[in-house]
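K.L.:
Residues per chain are reported as follows:
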Amino acid sequence: MSGINEFATIDDTRRVVRRITSESKLTLLRKGGLFTVALIAAVLFAFPFYWLIRIAGVWPSGSLYGSAPSLIISDLNLYNFVRVYYAIPFVQYTTNSVIVSAIAVVSQLIFCSLAAYGLSMSFYGKKYVMGFIVVAMMVPFQTIFLTDYLITRQLGLINTYTGLAIVVAVSVVNILVLKSAFEAVPDSMVDAARLDGASELYILFGVYWPLSKAALSTTVILSFVFSWNSYLWPLLIATEDSTTTLPLALATFQSQMGGNFALQYAFTIMVLLPVLVLFFLLQKYFIRSAVMSSLKT
Amino acid sequence: MNEESLKSPGTWRRIVTSDADLSKKQRNTVIAWAALAPVLLWLLVFKYLALGWNIVLTFFDRSYTGEMSFVGLENWSMLMQDPVFPTALRNTIILFATIPVGIALALFIAILLNQKFPGSKVFRSVFFLPYITMMVAIAVIWQYMFHTEQGVINQMLLNVGLIDTQISWLGDSGWAIVSVFMVQVWKTTGFYVIIILAGLQTIPQQVYEVSRIDGASRWQQFRYLTLPLLKPTLGVCMLVGVVISFRLFDLINVMTGGGPGNSTEILLTWIYQQMFAYGDFGYGAVLSTIMVVATVLVAYIGLKLQQVSY
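Chains U and F supply the protein sequences, listed in that same order. The first sequence begins at 1 in the working numbering and counts up one residue at a time. The second sequence begins at 1 in the working numbering and counts up one residue at a time.
Hints listed in this document are in silico derivations from the structure and should not be mistaken for laboratory results. Wrong hints could be hidden among the right ones.
Partial selection, computed: residues in chain U whose CB lies under 8 angstroms from chain F [unchecked claim]: (1) 34; (2) 37; (3) 115; (4) 121; (5) 134; (6) 136; (7) 142; (8) 167; (9) 232; (10) 283; (11) 291.
Derived BS3-like pairs: lysine-lysine, alpha-carbon spacing no greater than 27 angstroms straight-line [unchecked claim]: (12) U:31 - U:127; (13) U:31 - U:126; (14) F:121 - U:213; (15) F:25 - U:126; (16) F:116 - U:127; (17) F:25 - U:127; (18) F:116 - U:284; (19) U:284 - U:31.
Remember, predicted model here, so these are calculated numbers, not experimental data. C-beta: ideal position from N, C-alpha, C; glycine also.
My request is simple: use the sequences and hints to build the entire structure.
P.N.:
Right under this line is the structure:
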């Protein structure tokens, strides 16, 4: 009761206490209502993921035929994952996906940083360069994939990792995110580095980079997820197992395995796992990346 | 500049510093262009050259092996005879409509989650999860959920009593597009929720306190405060929604394959068909060009809508 004025009468105190309790009761009720509505919506949204786990665990998978399975998980089994692992060159596909995504992420970090570094200075022709970049952003890859494919084929990059990574090697959104991060770095720090004889590359990687960790993590997350999930481009470029990536393998598996949904779901989990694990570990960064990237478009 | 002003030290300082700035700018120009070169080259090849070639290609007949022959407007006139084109165009437009639907739903959820109650951060992540999930995986998951006999959706609807015969979600040309629509809304809503939440947090609380003193109801607060103040945020959602809409290729190609018949074909899947099923790059280029125009148009309408007052 120390918070209440010592000169207050007992009646005043009672009144205050009554008001506080009635208010908190109301908010509690309100909170309960909000919580319930949000919970229902969240359950509806999360259901497909629950169902994914539920069906992937059904063994023997033939038992899926006939009646629809019950909603409750009662017979979780990992055997479908083992079967998928041996049915397809899973390691090869995963390796391909990892290599292509790694190339995309590294390339974006380097080239988008360089471009953002250039754009953060004032120079002759900046206006035109900005225009050039923004107009390019308005033409999504999907609307010109046909000629992108023809160009890549002309370059002899069909069925190569470079060919797979080339369309995800640069992203205008990441350039803009990095540009605004670099612009936030105080000029005095850059000037100090210059006086000490730092090279341009040192200023970019030794001064700007350590001060732009949030924007860099955005670049890494966006380019990794984008490249890992990409389907249309690998569908055009990868025609052999040696370059097939996981999304493409999953789509092909789906047509090979026809009605065996337990196996398909098991494979789906195996494909989704890396991104989902990353997401649960780094939720904050994923969500921040989404916000940062959209605020720049 | 007259004699008098040249004598004052201030002018000299100005001239000297502007000279220094000039040489600094010249130096920067070399560095900036060098740093930008790889990206500019990439954009030149994979955006501008691709776009240009796309337009050129519409006047040529180009076989899969690469022989080109000029055919004038023949590819363009094929549009008239193509029975699938109107469907593909219609579906593309219908599926762009998932953007306002998703945004409306997200607005509701975001306002809900913006209140302080336990677990709101967890809920935020749950809604966001579909957005980072691979579209191919989503297609596989929902394909089975939509299954006519074994699908959990029909099963639940039957149990609740909303329907009395099973719906052929992906087998019926009318329901198939509805199914695709629902999945796309499910995928994108969480993303809009995150963006709108970020937008809501920029609105100062005092605005609401003042309006409460003035006796505004919750609905009035939403209608006259929240909505107008969120205008830029909703505009961003609209523009990003256009970009997300292209992921629909993955969904449709895997979940329905454009079928049944060609009922769920969109421009992107139809372009892909032209390329790989028929090897007709010229006509594919015509469709691509239309797609570019449609995209720019939708983005433009989005911008315009943003400027219209509520």
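K.L.:
Give a verdict on every hint.
P.N.:
Taking the hints in turn, this is what the structure says about them:
1. 34: This interface hint holds because 5 angstroms falls under the 8 angstroms limit.
2. 37: 6 angstroms, holds
3. 115: Residue 115 of chain U check passes; min Cβ-Cβ to chain F is 4 angstroms, inside 8 angstroms.
4. 121: Interface hint status for residue 121 of chain U: holds (4 angstroms vs cutoff 8 angstroms).
5. 134: 11 angstroms, violated
6. 136: 4 angstroms, holds
7. 142: 4 angstroms, holds
8. 167: 6 angstroms, holds
9. 232: 5 angstroms, holds
10. 283: 5 angstroms, holds
11. 291: Constraint on residue 291 of chain U satisfied, holds at 5 angstroms.
12. U:31 - U:127: Roughly 51 angstroms separates the two Cα atoms, so the pair is violated.
13. U:31 - U:126: 52 angstroms, violated
14. F:121 - U:213: 23 angstroms, holds
15. F:25 - U:126: 11 angstroms, holds
16. F:116 - U:127: 45 angstroms, violated
17. F:25 - U:127: Holds. Residue 25 of chain F to residue 127 of chain U sits at ~14 angstroms (cutoff 27 angstroms).
18. F:116 - U:284: Holds - the C-alpha atoms of residue 284 of chain U and residue 116 of chain F are around 18 angstroms apart, at most 27 angstroms.
19. U:284 - U:31: Holds, at roughly 24 angstroms.
Violation of the numbered hints given earlier is confined to hints 5, 12, 13 and 16; the remaining hints are satisfied by the structure.
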